[in-house]
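Chemist: Assemble chain D onto chain E, guided by the hints.
Listed below, chain by chain, are the residues.
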Amino acid sequence: MSPYMLIILIFTLGLGTLITLSSSHWLIAWMGLELNTFAILPLMAQQHSPRAMEATIKYFIIQTTAATMLLFASVSNAWLSGQWEIQQMSHPTPLALITIALALKLGLAPMHAWFPEVLQGLNFSTGLILSTWQKLAPFSLLLQIPPTSSFLLITLGFISVLMGGWGGLNQTQLRKILGYSSIAHLGWMILIMQYAPPLTLLALTVYIVLTSSMFLTFLYNQATNINSLAISWTKTPMLTALTPLVLLSLGGLPPLTGFLPKWAILQELTKQGLTPVAALTALSALLSLYFYLRLSYATALTTPPNNLPATLPWRIIFKQPTTFLAVLITMSLSLLPLSPSVMAFFTF
Amino acid sequence: MKYLLFLLLFLLILGVVGVASNPSPGFAALSLVMVAGSGCSLLAGQGGYFLALILFLIYLGGMLVVFAYSVAFTGSDYVEGWGTRRISLAAAGYLLLVWGGGVILSTNLNEEFWTVGASFGEFVSLEYSLVGVAHLYMGGGWLLVAGAWALLLVLLAVLELVRGASRGAVRVV
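Protein chains in written order, with UniProt numbering: chain E, 1 to 348; chain D, 1 to 173.
Looking at chain E on its own, in the form it has when it is part of the complex:
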C-alpha cells in the first residue's frame, strides 16, 4: 500500500479513538467510531484475496449495524430526555439498546459469531489492531454510561466467557483461537463493569498485553495453525520456551500476570454477593484454559517429525525485530508481584 495512504489510515485510526475517548456528546462519539470503522477497511483488504474481502465486508456490515443502533438509541435518548450527554442518559430503553449495540461492536456473545471469522481472513498485524485498538473506543463508552440493567451485563459477560471457551475448543486455526480467547476475555471485562470499573480497565490492559504477545509470536513464527506452530520451535528456541508461559498467562494461571484480573474480578464478585456467578465463570474459564494448554503442548512439549534441514533455522540470524515482543512477554509473565501498584495505576 502506498505509504501516504498508510499514514492517513493509521492517523485516522488514532484520531477516531481519541475523538470517542474525549467526547461527551453522543454524535461526536459516534463520529469517532465511524472514523475507526472506515479507516481500518483498506487495511483489512490489503491482501486482495477473496477471503480478506469477505472478512472486510463482514466487518463493515457488523460495525455499521452496531453504529446505526447506537445512533438510534442516542437519538431516542435525546428525544426522551432533551440532551445528548453520554453520562446523563436517564431512560432505560436507550441505555439497554446502547449496551447491546456496543456489545455487537466489541464481539460479545451472543453477538460474537462474526469475530473469529473476520479475524481468520486477516493477516496477523491487522488482526492485532482489530483485537486491541478497536476495543478501546467502545469500552470507553460502556464505562461512561450510567448503570443499566445488571441482568443484561452479567448475562453478556457470563455467556461470552462460556461461548469463548466452548467455541475455541474445536479450532485448529490460530487466528480463530485468538478470536475466541478475545470473546472470553471481553466477557470477564463486562462482568465486573457495573461493580468496579477500574477492574474492567485492568482486565482490558492485561488482555491487550497478553494478546499482543501472542499475535506477535505467531507473526514472528509465521504460524497460522497448530501444525505450523508445532514445527516452529526451531526458529527461536527461546521464544518457544516462553510461549507456553504466555498462553498459561492468558488462561489465568498464577504466578503469571493473567491471574491478576481474574483474581481481582472473582474477589469483587464475591464481595458483591454474586458467588454463584463467580464460580460458574471461573469454571467456564477452564474451557479456554484447555485450548491454551493444547497450544502449549503443541508448541513446546512435543517434537513433531521433521526432516533435518527444517530443524536448523535457529542457525540463521533473522532481521525481524523482536524488541517489542520481548517487552510484552516480560510484562505478560512477571507483573503479578507488582499487583498493588498495577491496581493502583487503574483506580480512579
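Since the hints were made in silico from the structure, they are not lab data. Don't be surprised by glycine CBs; every beta carbon is placed ideally from N, CA and C. One or more of the hints may lead you astray.
As the list claims (entries may be wrong) - FRET-style restraints, in silico, Cβ to Cβ:
hint: 1; chain 1: E; residue 1: 263; chain 2: D; residue 2: 93; range: 54 to 62 Å
hint: 2; chain 1: D; residue 1: 20; chain 2: E; residue 2: 96; range: 41 to 49 Å
hint: 3; chain 1: E; residue 1: 320; chain 2: D; residue 2: 140; range: 39 to 47 Å
hint: 4; chain 1: E; residue 1: 1; chain 2: D; residue 2: 1; range: 22 to 30 Å
hint: 5; chain 1: E; residue 1: 96; chain 2: D; residue 2: 80; range: 38 to 46 Å
Modeler: Below, chain D alone, put in the same frame as chain E:
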C-alpha cells in the same frame, strides 16, 4: 391542499413499497426518487425547507446519481419489476403490512407533534437544521475540521478499496 397532502403521502408509501419489493436496483432507485421527492415536499410543507433542499441536492442529485451510474454497469438480461406475479404479490404484502401498522399505530395517538422550527405568532424562526449547520461552520472550530476529515477519509478508503485494475478489490469478481 388536503388532496395534495394525500397524494404526497400516497406516493411516499408507494415508493417505500417499491424500494422494498424490487430486486432490480434500477427500479429500486426510481422508487427511491419517488420517496425522496414526496417526502421532501411534505417536509417543506411543514417548514423544513432547508432539509428538503439539502436532500434533493446531495441525496438525490449526488449520491443517488452516482449509485445509478455504478448500477448501470451491472445490467442484467431479465429484469423483473412489478410486472411479474411474484414481485407484485410481495409489493401487495408490504402494502398490507403498512396498512396493518397504520391500524395499530393509530390506536394510541398522542397529540404531541415534532417541529422542524418553532414559530410564534408572526415571528417565523429559522429551521433547526439550518441553524445547526450555521453554528457548525461559525463556532465549530476543530470539529468542522474533524467532520471534513471524516468525509475525506471515506473517499480515500473507497478509492483504496477499488484501486486499480489488478490491485483493487473487484479484481477477484
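Chemist: Now tell me, hint by hint, if it's right for this structure.
Modeler: Hint check:
no. : hint                       : result
1   : E/263 to D/93: 54 to 62 Å  : holds, 57 Å
2   : D/20 to E/96: 41 to 49 Å   : violated, 28 Å
3   : E/320 to D/140: 39 to 47 Å : holds, 46 Å
4   : E/1 to D/1: 22 to 30 Å     : violated, 58 Å
5   : E/96 to D/80: 38 to 46 Å   : holds, 41 Å
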